[in-house]
Each structure stands twice: as structure tokens, then as C-alpha cells.
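Letter by letter, the chains look like this.
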Amino acid sequence: QVQLVQSGAEVKKPGASVKVSCKASGYTFTSYYMHWVRQAPGQGLEWMGIINPSGGSTSYAQKFQGRVTMTRDTSTSTVYMELSSLRSEDTAVYYCARAKYSNDAFDIWGQGTMVTVSS
Amino acid sequence: QSVLTQPPSVSAAPGQKVTISCSGSSSNIGNNYVSWYQQLPGTAPKLLIYENNKRPSGIPDRFSGSKSGTSTTLGITGLQTGDEADYYCGTWDSSLSAYVFGTGTKVTVL
Chain H
1 QVQLVQSGAE
11 VKKPGASVKV
21 SCKASGYTFT
31 SYYMHWVRQA
41 PGQGLEWMGI
51 INPSGGSTSY
61 AQKFQGRVTM
71 TRDTSTSTVY
81 MELSSLRSED
91 TAVYYCARAK
101 YSNDAFDIWG
111 QGTMVTVSS
Chain W
1 QSVLTQPPSV
11 SAAPGQKVTI
21 SCSGSSSNIG
31 NNYVSWYQQL
41 PGTAPKLLIY
51 ENNKRPSGIP
61 DRFSGSKSGT
71 STTLGITGLQ
81 TGDEADYYCG
91 TWDSSLSAYV
101 FGTGTKVTVL
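Chains as they are written, first to last, in this note's numbering: chain H, 1 to 119; chain W, 1 to 110.
No wet-lab data here; the hints were simulated from the structure.
Cβ coordinates follow ideal geometry from the N, Cα and C atoms, glycine included.
Any given hint could be a false lead.
Straight-line C-alpha distance at most 20 Å; calculated SDA-like pairs for lysine to any residue [said to hold, decoys possible]: (1) H:Lys23 with H:Ser88; (2) W:Lys46 with H:Glu10; (3) W:Lys54 with H:Asp107; (4) H:Lys23 with H:Glu10; (5) H:Lys63 with H:Val117; (6) H:Lys23 with W:Thr43; (7) W:Lys17 with W:Arg62; (8) H:Lys100 with W:Asn31.
To spell it out: a stretch of chain H is covered by chain W in this simulated footprint if at least three of its residues, at any positions, have a beta carbon under 8 Å from a beta carbon of chain W; those stretches are [as the list claims (entries may be wrong)]: (9) 40–52; (10) 56–63; (11) 75–87; (12) 110–116.
Build out the structure end to end from the sequences listed, making use of the hints.
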């Protein structure tokens, strides 16, 4: 079945970086875009950016420009989201989500990865 | 802060109907398809409605979506206790070149 499986929870210190993975299975990896969305505790959903697994092109939300990098490995059908210069406000659950087109609905979501930033 | 506005909460008794509004602008809802997502407590969001009013396979017809101008509405009929969740609208914003979500609405079954 189609699924996105994300890496496990992380605890990081302020100023550090975190890299979250999202492994796709059950479909042609390069035929769907992948978005990253985060949700701080008790808060709503926040879009971070998108990667096209086919060519690797990316587009990031202005808020995260310069701090986020999204990459992919087609040999393992995995996308990665790295966020640097972490601060306490980055404590959140991070989700990957698949879409057929860049502006399309997110039809499949990963289970989420909790990232805690604490000294 | 989100560019799409939803009411913080709505509630109704089992079997009743609720509607959730989502208001935006011409750069987002007005000129792009809208989706709705359901997030049950402690779980990842799930696609409920896409392209304004279409339901993915497996979503019951108790859930419906509509759009008019720069606003969209999610309707839930025959409310069940299992429908207690947070609901988010979402769409592409052509001016921001970003996907935007609504502020979220908590549905409570009384």
C-alpha cells in the first residue's frame, strides 16, 4: 500500500541542525511532489516547502528561506528535510505529505516526526 | 499567521449537521482548488475533500465541500462521536507561491 514512513523523534539543542527523512513506498516515487508541513504543540498546520523528487527542484516558504534544505535520494525513494539554527520555536511535529501536482491536495501523509529543541 | 480564516470551534449533537467556513482571498481560494483535512487527536492529518468538493475513496458522503468566490465550506451531516477532530482548509496561494492552511476548527460532538 502507499505509505510514507518518517524517521524517529529527535531532541536537539538550540543552534543545532536536524535532518528528518521520509521514505515512500507503494507508488512511483518520482511521479509525485513531496511537501513538508509542521505543527507546533497545540497549534495549526504550517507549510514549509516542496520538493520535486523527479528533478530535485525545491521551493521554500519565505519564513524558512536560508534555514531549510530539502533533498531526495531516488535510489531509496526517500526525501529529507534539514532545518538548521534551531530555536525553541522550532519544537514541533514535522510531516511529509504527497501531492500529484505542486498545487494539488496532500493525499498521503507521513506519521510525523517530533522534533524537540531544548537546552 | 494564516491567510485563511476559520471559526475556532463548532459543535452539535450526534446526528446533527455542522458547517465550517473558510475565508480567503482572490490569490488563494478565489483562483485555486481547495482541500479539507481532518486531524483526529494525536494523528497525522487526513485528506477529506479535494478540488473543492470531491471525496477521496473511502470518505463517506456525510462529508461535503463547496466553494463560492473567496470562501469555502465543509459540511458534516449525521454527526458521529468519531468526527471529533480538528479540520483545516488548505489551498495554494498564487501571490505567496506557497501552500496555505486555515486556522483550524475544532468539532465537538455534544
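**Item:** Hint consistency between Lys17 (chain W) and Arg62 (chain W) [alpha-carbon to alpha-carbon, up to 20 Å]
**Value:** holds (9 Å)
**Verdict on chain W covering the segment 75–87 of chain H, where coverage means 3 or more residues with a C-beta closer than 8 Å** = Coverage by chain W is violated here, the residue count being 0 at a Cβ distance below 8 Å.
**Message:** Need the status of pair Lys46 (chain W), Glu10 (chain H): alpha-carbon distance at most 20 Å?
**Reply:** Distance ~24 Å between Lys46 (chain W) and Glu10 (chain H) Cα, so the pair is violated.
**Asked** Residue count check for the segment 40–52 of chain H against chain W: does it reach three with CB-CB under 8 Å?
**Response** Satisfied; 5 residues make the cut.
**Request:** With a cut-off of 20 Å on the C-alpha distance, tell me whether Lys100 (chain H) and Asn31 (chain W) pass.
**Result:** Answer holds: Lys100 (chain H) to Asn31 (chain W) is near 18 Å, not above 20 Å.
**Item:** Coverage claim, chain W over the segment 110–116 of chain H, checked by counting residues with Cβ within 8 Å (three needed)
**Value:** The restraint on the segment 110–116 of chain H holds, since 3 of its residues have a Cβ under 8 Å from chain W and three suffice.
**Hint consistency between Lys23 (chain H) and Glu10 (chain H) [alpha-carbon to alpha-carbon, up to 20 Å]** = holds (17 Å)
**Message:** Run the distance test for Lys23 (chain H) versus Thr43 (chain W): straight-line Cα separation, threshold 20 Å.
**Reply:** holds (18 Å)
**Item:** Coverage of the segment 56–63 of chain H by chain W, judged on three or more residues with CB within 8 Å
**Value:** holds (count 3)
**Request:** Could you grab the alpha-carbon distance between Lys23 (chain H) and Ser88 (chain H) and see if it respects the 20 Å cut-off?
**Result:** violated (27 Å)
**Message:** With the threshold set at 20 Å, check whether the alpha-carbon distance from Lys63 (chain H) to Val117 (chain H) stays at or below it.
**Reply:** Holds. Lys63 (chain H) to Val117 (chain H) sits at ~18 Å (cutoff 20 Å).
**Asked** Does Asp107 (chain H) lie within 20 Å of Lys54 (chain W) when you go C-alpha to C-alpha?
**Response** The hint holds at about 12 Å.
The structure fails to meet hints 1, 2, 11 from the earlier list, while all remaining hints are met.
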